[in-house]
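Let chain G serve as the given structure and place chain Z with the ligands on it in line with the hints.
2 protein chains.
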Amino acid sequence: MIERLAVIGVGLIGGSLARALRANDAVGEVIGCGRSIEHLERAQALGVIDAYCQDPGKAVANADMVFIAVPLGAIAGVFARIQGQLAEQAVITDGGSVKGSVIADAVQVFGEIPSWFVPGHPIAGTERSGVEASFPELYQNRRVILTPLAETDPQAIERVRAMWERVGSEVTEMSVAHHDEVLAATSHLPHMLAFGLVDALTRLGSNDEIFRYAAGGFRDFSRIASSSPEMWRDICLANSEALTAMLTRFGSEMTELSDAIRRKDGEALLRIFGRARAARERYVDGIDEGVS
Amino acid sequence: MIERLAVIGVGLIGGSLARALRANDAVGEVIGCGRSIEHLERAQALGVIDAYCQDPGKAVANADMVFIAVPLGAIAGVFARIQGQLAEQAVITDGGSVKGSVIADAVQVFGEIPSWFVPGHPIAGTERSGVEASFPELYQNRRVILTPLAETDPQAIERVRAMWERVGSEVTEMSVAHHDEVLAATSHLPHMLAFGLVDALTRLGSNDEIFRYAAGGFRDFSRIASSSPEMWRDICLANSEALTAMLTRFGSEMTELSDAIRRKDGEALLRIFGRARAARERYVDGIDEGVS
Ligand SMILES: NC(=O)c1ccc[n+]([C@@H]2O[C@H](COP(=O)([O-])OP(=O)(O)OC[C@H]3O[C@@H](n4cnc5c(N)ncnc54)[C@H](OP(=O)(O)O)[C@@H]3O)[C@@H](O)[C@H]2O)c1
Ligand SMILES: NC(=O)c1ccc[n+]([C@@H]2O[C@H](COP(=O)([O-])OP(=O)(O)OC[C@H]3O[C@@H](n4cnc5c(N)ncnc54)[C@H](OP(=O)(O)O)[C@@H]3O)[C@@H](O)[C@H]2O)c1
Numbered sequence: 001m002i003e004r005l006a007v008i009g010v011g012l013i014g015g016s017l018a019r020a021l022r023a024n025d026a027v028g029e030v031i032g033c034g035r036s037i038e039h040l041e042r043a044q045a046l047g048v049i050d051a052y053c054q055d056p057g058k059a060v061a062n063a064d065m066v067f068i069a070v071p072l073g074a075i076a077g078v079f080a081r082i083q084g085q086l087a088e089q090a091v092i093t094d095g096g097s098v099k100g101s102v103i104a105d106a107v108q109v110f111g112e113i114p115s116w117f118v119p120g121h122p123i124a125g126t127e128r129s130g131v132e133a134s135f136p137e138l139y140q141n142r143r144v145i146l147t148p149l150a151e152t153d154p155q156a157i158e159r160v161r162a163m164w165e166r167v168g169s170e171v172t173e174m175s176v177a178h179h180d181e182v183l184a185a186t187s188h189l190p191h192m193l194a195f196g197l198v199d200a201l202t203r204l205g206s207n208d209e210i211f212r213y214a215a216g217g218f219r220d221f222s223r224i225a226s227s228s229p230e231m232w233r234d235i236c237l238a239n240s241e242a243l244t245a246m247l248t249r250f251g252s253e254m255t256e257l258s259d260a261i262r263r264k265d266g267e268a269l270l271r272i273f274g275r276a277r278a279a280r281e282r283y284v285d286g287i288d289e290g291v292s
Numbered sequence: 001m002i003e004r005l006a007v008i009g010v011g012l013i014g015g016s017l018a019r020a021l022r023a024n025d026a027v028g029e030v031i032g033c034g035r036s037i038e039h040l041e042r043a044q045a046l047g048v049i050d051a052y053c054q055d056p057g058k059a060v061a062n063a064d065m066v067f068i069a070v071p072l073g074a075i076a077g078v079f080a081r082i083q084g085q086l087a088e089q090a091v092i093t094d095g096g097s098v099k100g101s102v103i104a105d106a107v108q109v110f111g112e113i114p115s116w117f118v119p120g121h122p123i124a125g126t127e128r129s130g131v132e133a134s135f136p137e138l139y140q141n142r143r144v145i146l147t148p149l150a151e152t153d154p155q156a157i158e159r160v161r162a163m164w165e166r167v168g169s170e171v172t173e174m175s176v177a178h179h180d181e182v183l184a185a186t187s188h189l190p191h192m193l194a195f196g197l198v199d200a201l202t203r204l205g206s207n208d209e210i211f212r213y214a215a216g217g218f219r220d221f222s223r224i225a226s227s228s229p230e231m232w233r234d235i236c237l238a239n240s241e242a243l244t245a246m247l248t249r250f251g252s253e254m255t256e257l258s259d260a261i262r263r264k265d266g267e268a269l270l271r272i273f274g275r276a277r278a279a280r281e282r283y284v285d286g287i288d289e290g291v292s
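Each protein sequence line maps, in turn, to chains G and Z.
Those letters in the first sequence? Residues 1 to 292, per the UniProt record's numbering, in order.
Those letters in the second sequence? Residues 1 to 292, per the UniProt record's numbering, in order.
One chain only, chain G, in its complex shape (with noise of 0.2 Å):
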């Protein structure tokens, strides 16, 4: 049970698990904090959180979790009001979906990794963005990844991986250098892919004809292009390396059917088409239990 949790960035992720800890009763008090006080307002008004402050300093007095849910760009900025505000059995996590840049964060503001900062990566999610889009049931049945260091306290991740179990998440750890790698191969570089696919398309010119005989792969494709391009441009600058590294493995994949289909090689188009829906169908059941 958290008697006083505060969400910094009341947005999809940090709106969802305050409204999920409350449907669970696993929380007492949920003090919200951000930039705009009408987005904060609205927050309260739709009940996700009980008071608001602006100050992140503020907003973590007395709180026993924090959980920061901003992007990836403005964390370091959160660490820097946090610090020495913090009560003496706070307990402190994140969403960020790069864990690399955070903990780069941690250590530039707080001089070493924090024994009671747990770095988290809640693998849910949708393409819209805001409190009004949070939902209590987001992370029902979706993997959490925690990137807890060598400092960091056992009895810390004890109740980080509690919170989220409590929600219906299953918790994994793994080090942080696998996590952004993994990320980088199943979310991040599939999110190139679609807004590259979009934004090609739109550069074609006759832009109403292109996307009104839009095809189902196409459609699928753009849904993911309209996520917040904000989120993306910090989760790029924040995975460049590990991002870089997949762009370059799928420009070869690329490559190479591409040059199939310019000699007409129906063998090697079969090979390629024909693995890739094995892989498919062998991984299926883990695919559907994911979501962004």
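Some hints could be false.
One copy or any two copies: either way a pair holds, since identical chains are not told apart in the list.
Under the rule of at most 25 Å between Cα atoms (straight-line distance), these lysine to aspartate or glutamate pairs were calculated in the DMTMM-like manner [stated by the list, open to error]: (1) Lys58 - Glu112; (2) Lys58 - Glu88; (3) Lys58 - Glu241; (4) Lys58 - Glu127; (5) Lys58 - Glu209; (6) Lys58 - Asp220; (7) Lys58 - Glu165; (8) Lys264 - Glu230; (9) Lys58 - Glu29; (10) Lys264 - Glu29; (11) Lys58 - Glu137; (12) Lys58 - Glu3.
Derived by calculation from the structure, the hints in this document are not laboratory data.
Values in this document were obtained by computation on a predicted structure and should not be read as measured data.
Below, chain Z with the ligands alone, put in the same frame as chain G:
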């Protein structure tokens, strides 16, 4: 009203048209034709066809409408078998995903553009194949593109148009080359990205884990990659030129995006992602209407 419909290739596309025409009381008798007796018997047991034979030449006897829905690589063979076997008033149309290759096949077999042949393509489908996957609502509120030529009999076009309208489709006409370019952009390219992504991830090794943490974006892509490898090989071979051009354009787009990520150019990323999202939102109505 069609008195006798011959469906050559009773799979997802052919089976669904037969079912839809029956559901709308728009057809008398339906004759199915395919390679596998087992599949044809299944189609008959499901009530999709009334009778069947394995020879396209026999199947079209006395048919007033013939719908060819075999993979693109098999269309020339079907043309060769039906030559000289058609009834006087018969109109032939097809559902092939590429139109240039089908027309080249017709010219090669018949020595000219036959006036009674109306090239067509329903912009509808799923990633599943075979008669078991067919259903009568597939074409409802979908677009069908016809690409008639100067030689095509206007009355033949009218009969094909009426057939598709009867099952709830909106029929439009465009030139062969334009069809093949628009489809390369909106359907063939997205499928290549999906196949390429899943195959690239498969080759990364440690598959289980990659697929276990597969996020939302990836799940949508990978569903597309479970489409029939044979059908997509044929589409690539048939539309090699337009698809190669689209792959090249997409490659330039991805090079630009990758470069921005490598040099951590947040402004450039925001520009690309913002443009994609804006296009997506502008055309979202068109997108939600079309499928595969
Ligand atoms: N969306 C997903 O699918 C997903 C999935 C997993 C993890 N994540 C991660 O979760 C985090 C939040 O994403 P989200 O989708 O919840 O975004 P969101 O819906 O846009 O919410 C972000 C919240 O952060 C606040 N905020 C923005 N900049 C701030 C700043 N400089 N200082 C303080 N507050 C600020 C915003 O408040 P105002 O409106 O008042 O500015 C907003 O309420 C990101 O780090 C993202 O990488 C997202
Ligand atoms: N799937 C889509 O999303 C989609 C959308 C629009 C257009 N199309 C086009 O529609 C056509 C059919 O696609 P589909 O998805 O319906 O495929 P499908 O479900 O696999 O059906 C193809 C049918 O063609 C028969 N066939 C295969 N090779 C043949 C041959 N050499 N001679 C005679 N019959 C043969 C098969 O019969 P047996 O089982 O007996 O071999 C099968 O019933 C293709 O040209 C495709 O490009 C597909």
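Check the structure against each numbered hint from earlier and tell me which ones fail, lowest number first. 3, 4, 5, 6, 7, 10, 11
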